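Residue strings, one per chain:
Protein chains: 2
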Amino acid sequence: MKATKLFRAGEHPVLKDEDAAATPLCTGVDKEDKHLGKALHKEIAELQEKLYAERDRKVLLVLQGVDCAGKDGTVHNLFRKINPMGLRPVRFDVPTAAETARDFLWRVHTQVPRKGEIAVFNRSHYEDVLHPVVYGQIDAKDLARRYAQIRDFERMLTETGTVLLKVFLHISKDEQKRRLQERIDNPDKHWKFDPEDLKHREQWAEYHAAYEKALAETDAPHAPWYIVPADSKPHRDIAVAMLLAETLRGMELAFPPGDAKLAKVRLK
Amino acid sequence: MKATKLFRAGEHPVLKDEDAAATPLCTGVDKEDKHLGKALHKEIAELQEKLYAERDRKVLLVLQGVDCAGKDGTVHNLFRKINPMGLRPVRFDVPTAAETARDFLWRVHTQVPRKGEIAVFNRSHYEDVLHPVVYGQIDAKDLARRYAQIRDFERMLTETGTVLLKVFLHISKDEQKRRLQERIDNPDKHWKFDPEDLKHREQWAEYHAAYEKALAETDAPHAPWYIVPADSKPHRDIAVAMLLAETLRGMELAFPPGDAKLAKVRLK
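Sequence order for the protein chains is A and B. When you line the first sequence up against full-length UniProt numbering, it's residues 1 to 268, in that order. When you line the second sequence up against full-length UniProt numbering, it's residues 1 to 268, in that order.
These are calculated hints, taken from the structure and not from any lab test. Owing to the predicted nature of the structure, the values given are computational and were not obtained by experimental measurement. Some clues are possibly wrong.
Copies of the same chain look alike in the list, so a pair counts if it works inside one copy or between any two.
[What the hints assert, rightly or not] The calculated DSS-like cross-link candidates involving lysine-lysine, where the alpha carbons are at most 27 Å apart (straight line), are:
| hint | residue 1 | residue 2 |
| --- | --- | --- |
| 1 | 189 | 50 |
| 2 | 115 | 192 |
| 3 | 192 | 268 |
| 4 | 189 | 115 |
| 5 | 177 | 268 |
| 6 | 31 | 233 |
| 7 | 50 | 261 |
Using the sequences provided together with the hints, build the complete structure.
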């Protein structure tokens with residue numbers, strides 16, 4: 001079964017803790033899983049070169065998930081074989097003063113991929129329909145508007161040549177505990193730690209409710225959401241690689257036709 | 001011997017065709033060279049993580065060279081192990097209208113690395129002291145000013161926490177011929193071909209004279225130029241990896257100290 005079918009969020013996504021540990025794409029044999037992962041990374045790199053050669057369309061991968069869901073690790077593993085010149089990795093941190101002085105889509109718009117590029121957003125405009133909801137900083141009317149603004153923005157991007165896929169990395173509360181505690185127990189990893197992470201963890205149910213709503217409101221055939229079970233890092237990596245590979249395959253990428261005149265040139 | 005000593009351009013660099021084929025860093029045994037390359041890529045990735053953890057300083061690698069010198073291939077191979085989230089690859093193409101409407105450093109300045117990042121410039125502000133010189137579009141006074149502006153700009157970058165290294169990938173005219181002809185003979189590579197490449201090739205001596213002058217004018221202890229013999233791709237890759245690894249080692253990077261209070265936290 002295709003990953004793009006298996007993980008599609010659908011109209012009424014429900015984020016259950018017990019689903020986060022599923023590993024439908026892993027064989028269970030470590031060596032086979034690694035082999036599959038490597039083949040996918042190689043295929044992604046090859047398809048990206050064609051995307052780059054074509055210099056017409058763009059790809060945007062949006063990665064979302066709670067703290068420790070594995071967004072950084074996913075980016076690291078997914079693009080091992082790719083030429084970085086065709087990749088635009090973008091991290092969205094706490095907005096700067098210049099960013100909050102504009103609308104919430106402004107900083108995101110400045111970072112969309114150029115023709116030939118794959119951009120990966122590590123967090124995104126979806127942060128703006130999560131925290132404000134959990135902390136009651138936005139009323140129902142403004143929130144509904146914001147969902148609509150996201151839908152309009154994403155539709156415009158896809159109408160102008162961007163292929164979009166959005167991935168929610170789904171981990172359980174227990175798995176987050178393990179990963180946070182691991183960071184706490186290793187002083188060399190304290191730099192990864194943000195005291196806010198513990199506050200967010202206390203609002204686990206509220207965040208997941210906000211995610212369910214956001215996914216439901218912004219899923220579309222041209223802007224699909226996928227929910228990837230991510231308690232298992234090997235499974236997460238294979239699942240996201242499959243989603244991206246299937247998406248790129250669907251674009252029917254090919255090197256531009258050669259130039260018959262050029263083919264005759266003999267250099268001195 | 002250190003690569004940073006071996007390849008340093010020095011005060012009066014001379015770019016001779018016959019030097020481009022040198023392979024002082026290769027053992028000649030393919031397996032050993034690959035092993036060395038892999039170890040360097042791993043070390044670069046590890047040091048980059050510390051740079052990122054520190055989030056204080058930045059690194060800027062400038063790559064220059066004639067068409068087909070291997071700038072793209074170098075970027076692809078150099079960063080195989082790195083987490084792309086800490087890398088900013090930037091390509092400078094023909095300037096856009098918005099770019100030519102500003103000074104020549106403007107578009108470069110917008111792309112300098114953030115704290116914790118390694119940026120790699122595939123071409124750079126040095127293009128502005130090459131083509132205009134070769135095609136006689138700049139007079140001596142303006143050119144002297146431009147060199148000084150580059151020196152000032154780079155000094156400012158290093159004074160504000162950027163570690164800078166600049167690499168000229170040195171290939172011979174014969175090697176360029178082989179690589180261009182290869183592109184011509186493979187229709188799937190025609191997209192890489194720019195008719196301008198053949199025009200530039202006719203001005204080989206003029207371009208290299210402009211490079212010699214630019215390197216001499218802008219080499220400084222804090223903004224060193226390295227000339228890497230690049231006819232051999234394996235040698236080129238090892239040499240640039242060594243230059244970057246030695247530069248990163250010199251920064252004495254380390255994970256920030258842990259937080260004693262945090263270490264006591266036990267999650268529920």
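Within, between, both or neither: residue 189, residue 50 at alpha-carbon 27 Å:
For residue 189 and residue 50, the Cα distance is within 27 Å only across copies (10 Å; inside one copy 38 Å).
For residue 31 and residue 233, with the copy left unspecified, which applies at a CA distance of at most 27 Å: within, between, both, or neither?
This pair counts as within: shortest intra-copy Cα distance 15 Å, inter-copy 32 Å.
Should residue 50 paired with residue 261 be assigned to within, between, both, or neither, using CA atoms and 27 Å as the limit?
For residue 50 and residue 261, only the intra-copy Cα distance (22 Å) is at most 27 Å; the inter-copy one is 51 Å.
What label fits residue 192 with residue 268 when the C-alpha limit is 27 Å: within, between, both, or neither?
between (56 Å within a copy, 20 Å between copies)
Could you figure out if residue 177 and residue 268 sit no more than 27 Å apart (CA to CA) within one copy, between two copies, both or neither?
between (66 Å within a copy, 7 Å between copies)
Give the relationship of residue 189 and residue 115 under a CA distance limit of 27 Å: within one copy only, between copies only, both, or neither.
between (37 Å within a copy, 18 Å between copies)
For residue 115 vs residue 192, is the C-alpha pair at or below 27 Å within one copy, between two copies, both, or neither?
between (33 Å within a copy, 15 Å between copies)
Checked against the numbered hints given earlier, the structure satisfies every one of them.
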